[in-house]
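Enquirer: Chains as they are written, first to last, in the working numbering: chain A, 1 to 407; chain B, 1 to 103; chain C, 1 to 171.
Please keep in mind that the hints were generated in silico from the structure rather than gathered at the bench.
Here the structure is a predicted model, which means the values were calculated and not measured.
Incorrect hints may appear among the rest.
Using 27 angstroms as the maximum straight-line C-alpha spacing, the simulated DSSO-like pairs for lysine-lysine come out as follows [claimed, not checked]:
| # | chain 1 | residue 1 | chain 2 | residue 2 |
| --- | --- | --- | --- | --- |
| 1 | C | K27 | A | K103 |
| 2 | A | K93 | A | K61 |
| 3 | B | K27 | B | K91 |
| 4 | B | K27 | C | K27 |
| 5 | B | K27 | A | K103 |
| 6 | A | K163 | B | K91 |
| 7 | A | K163 | C | K27 |
| 8 | A | K163 | A | K93 |
| 9 | B | K91 | C | K27 |
Label-pair distances were calculated between CB atoms; the ranges are [claimed, not checked]:
| # | chain 1 | residue 1 | chain 2 | residue 2 | range |
| --- | --- | --- | --- | --- | --- |
| 10 | B | D55 | A | V46 | 39 to 45 angstroms |
| 11 | A | L31 | B | D96 | 53 to 59 angstroms |
| 12 | A | A306 | C | R78 | 52 to 58 angstroms |
| 13 | C | R78 | A | Y37 | 41 to 47 angstroms |
| 14 | A | W339 | C | V149 | 24 to 30 angstroms |
| 15 | B | D55 | A | I96 | 53 to 59 angstroms |
| 16 | B | P4 | C | V17 | 19 to 25 angstroms |
| 17 | C | V122 | A | L31 | 23 to 29 angstroms |
| 18 | A | V46 | C | I123 | 34 to 40 angstroms |
| 19 | A | A318 | C | R78 | 38 to 44 angstroms |
| 20 | A | S253 | C | K27 | 22 to 28 angstroms |
| 21 | C | V149 | A | W366 | 39 to 45 angstroms |
| 22 | B | P4 | A | Y37 | 23 to 29 angstroms |
Cβ atoms here follow ideal geometry from the backbone N, Cα and C, with glycine treated the same way.
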Amino acid sequence: MTLAGFLNDPINFVAQWLTGLLTGWGFSNGLITVILYFIGILVLVVFVMLLDIGLVWVERKVVARFQDRLGPNRIGPFGLIQPIADIIKLVIKEDITPAGADKVVFNIAPVLAAMSVISLWAILPLSSKIFGVDLNVAVLYLVAAGALGTLSIIMGGWASNNKYALLGAFRMVANMVSYEIPMVVTLLIPVILADTMSVQGITQAQSGMWFAILSPLAFVIFFISAIAELGRSPFDLVEAESELTAGFNVEYSGMKFGWFYASELLHAFTFGGFMAVLFFGGYGGFFGLEKLSAFHWLTNPFIQAAVFIAKAMFGYWAIMWVKYSMPRIRIDHMLAFNWKFLVPLSLVVLVNTAILNKLLAGLPAWGYTLGMFLSNVIIGVVTIEILRAYGRRQHKSEQTLAQAMRN
Amino acid sequence: MSIPLSWYLILAAELFCIGLYGVLSRKNAIAILLGVELMLNAVNVNLVAFWRYLDPAQMAGQVFAVIVFAVAAAEVAVGLALVISVYRRRKTVVADEVDLMKW
Amino acid sequence: MTADKIIFLLIGVLILVSALMVVTTRKLIHAALWLVAALFGVAVLYAILQAGFLAVVQVVVYIGAIAILFIFAVMLTRRDMRDQGPQTRSNWWIAALLGLLILAGLVFLIINQPDVERTAAVIPAGVDTLRNLGTALVSPDAYVLPFEVASVLLLAALVGAVYIAGFGKKS
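Here chain A stands alone, though its shape is the one from the complex (with noise of 0.2 angstroms):
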């Protein structure tokens, strides 16, 4: 029971201290282990939203920058308390349901897209000793998390009684059905590079390379279809203010639609972590440094929770960076785009990288990773090419069209 202990496996540590105490209170066993896992729940989840919170500020202060203004600074230190302002501000407003609407439908549908993106967290590993659970099939519990989430946008869409949020969530959810398909896909690879399903898994087999090192096209079409995933964009045509008047989310009002706003920013935060884990290392990815004595401190819990948590806040403002900086993609656009793009070029990234998974496994660490690597270049290199020739055909037919009208 020494501070060294706490330090190392934080968890276990007070897990059993808490048990000690209520041993000594004269709670059965059984009952103990179900108050530990409550405890354990609501920690999480206490953590989660107030992460929530700060995710507010960060979001207004990156916008803010990228825009070249500075953001909030009135309230508190850097506009620090501006979340609370904002928090108090919906929680007083007027708490409408229009007529007409299904009001048991209305009101849980922002609870459930919450539920979707918190219940991501009991996977999402801090460190090799924080975790929720290890679940040997984590990468299929991120896509089931997400049909979660598509169904609370039809269900608030629908239960608004109003033309204009039915079609916005008809188009959001099309959207994120579409974007599914190279998001599996592409999540194969990893599993594919680690051989297990399971994140801590995942996160362990990267201690040596990374695996956007690895495969680096992977990367970048989950990247894509995390953003439109997330809705957010330049794929948020859906839920845009200036188009089709915000979507599905158009009634809700107050604290209602401040759930939406949150489980949004959440979500983007935690597909931030989901890219930390899957393909930068997670917690760890160290590259060996971690078994030098020197750098022993590196397997401390709390040193891979803040290492986490970096690499998550910075996948997250790589997303809050496309988002800033691309203009909108039109809805037709955006199907076209999956289904005719990203689609067969993530199937043949798959294919690709399991067959070479099994040719280059004898080679030491160095070719696998060259090996890999200039596999996703020249696949790359293909694609762009296969896209100029067809955007020069395009261009010629158009040029030839042009012409037959003049003459």
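Knowing the structure of chain A, use the given hints to seat chains B and C on it.
Expert: Quick look at chains B and C alone, frame taken from chain A:
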């Protein structure tokens, strides 16, 4: 795992019969398809329960359940496409009213 | 009454109540949403049965795709935003009677099976059911043929659904 196998089988039987009631008593074609989904889920619960309780090292039960997933998805897709197509022509989804071929 | 029995009873009640609401509720959208609840309960059941992969695939395929298809279909086939008239046929009591009779028959058969009160077989140590499932689905002396046939079936359903739902207007 102290739950007897019969509990799972009885739960699956109850779910199957509720689905059967839904198929036989509902007017709307989509509601009938909802009942069919319940029946397929009951069958899957049965398969997975038998897999777990009899021989978990043999994968036949889980593979069968996976194939049932695929078949259910295919059936729902085609069934709903048919319902939507019928709705477009006849402007109704009540199963009884689709009776052009009756004499 | 151990903990897993309590959990099973709770999940069983959830599944059956949701299924009953699916087949009796008047508004079709509510029926689709109750179906989602029932499917989620079945997914939890799979997790209790230690078929974790099937639990997650149930959520992804049934809730994430099939339930959303149902909701879309309900929304696209209504003349206005309200359901009209009675939703069950006039001879619903025959269907209920038939359901109860079949349930009684099935329960009778189940109870009279020998060895039906058995508890779960032990999963042998070192058996990774997830890996075994993957190997069984693609191994030539296991189930690769049904797997490939299922994918052809899905392709046929995809093409058929797109064609039936009407690519262009057919008069």
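Enquirer: Decide, hint by hint, whether the structure agrees.
Expert: Verification of the supplied hints:
Straight-line distance between C-alpha atoms of K27 (chain C) and K103 (chain A) comes to about 13 angstroms, which keeps the hinted pair within the 27 angstroms bound. Of the supplied pair hints, the one linking K93 (chain A) and K61 (chain A) holds, its CA atoms being roughly 24 angstroms apart against a limit of 27 angstroms. The straight-line distance between the Cα atoms of K27 (chain B) and K91 (chain B) is roughly 15 angstroms, inside the 27 angstroms bound, and the hint therefore holds. With a C-alpha separation of about 12 angstroms, the suggested pair K27 (chain B) and K27 (chain C) falls inside the 27 angstroms cut-off, and the hint holds.
Restraint check for K27 (chain B) and K103 (chain A): satisfied, since their Cα atoms lie roughly 26 angstroms apart, inside the 27 angstroms limit. Only pairs whose Cα atoms come within 27 angstroms are accepted, and K163 (chain A) paired with K91 (chain B) is accepted, the gap being roughly 20 angstroms. With a C-alpha separation of about 19 angstroms, the suggested pair K163 (chain A) and K27 (chain C) falls inside the 27 angstroms cut-off, and the hint holds. Taking the CA atoms of K163 (chain A) and K93 (chain A), the gap is near 24 angstroms; set against the 27 angstroms cutoff, the hint holds.
Simply put, K91 (chain B) and K27 (chain C) have alpha-carbon atoms about 18 angstroms apart, close enough for the 27 angstroms limit, and the pair holds. A C-beta distance of roughly 44 angstroms is found between D55 (chain B) and V46 (chain A), which places it inside the suggested range of 39 to 45 angstroms. Between L31 (chain A) and D96 (chain B) the C-beta distance comes to about 56 angstroms, which sits within the given range of 53 to 59 angstroms. Distance hint check for A306 (chain A) and R78 (chain C): the Cβ-Cβ separation is about 53 angstroms, which falls inside the suggested range of 52 to 58 angstroms.
A C-beta distance of roughly 44 angstroms is found between R78 (chain C) and Y37 (chain A), which places it inside the suggested range of 41 to 47 angstroms. Range check, W339 (chain A) to V149 (chain C): Cβ separation about 25 angstroms, and the 24 to 30 angstroms hint holds. A C-beta distance of roughly 58 angstroms is found between D55 (chain B) and I96 (chain A), which places it inside the suggested range of 53 to 59 angstroms. Range check, P4 (chain B) to V17 (chain C): about 22 angstroms between beta-carbon atoms, so the 19 to 25 angstroms window is met.
For the pair V122 (chain C) and L31 (chain A), the supplied restraint of 23 to 29 angstroms holds, since their beta-carbon distance comes to about 27 angstroms. The hint said 34 to 40 angstroms for the Cβ distance between V46 (chain A) and I123 (chain C), and at roughly 36 angstroms that hint holds. For A318 (chain A) paired with R78 (chain C), a C-beta distance near 43 angstroms keeps the hint of 38 to 44 angstroms intact. Range check, S253 (chain A) to K27 (chain C): Cβ separation about 25 angstroms, and the 22 to 28 angstroms hint holds.
Our hint of 39 to 45 angstroms for V149 (chain C) and W366 (chain A) holds, since their Cβ atoms are close to 43 angstroms apart. Distance hint check: the CB atoms of P4 (chain B) and Y37 (chain A) are about 26 angstroms apart, consistent with the given range 23 to 29 angstroms.
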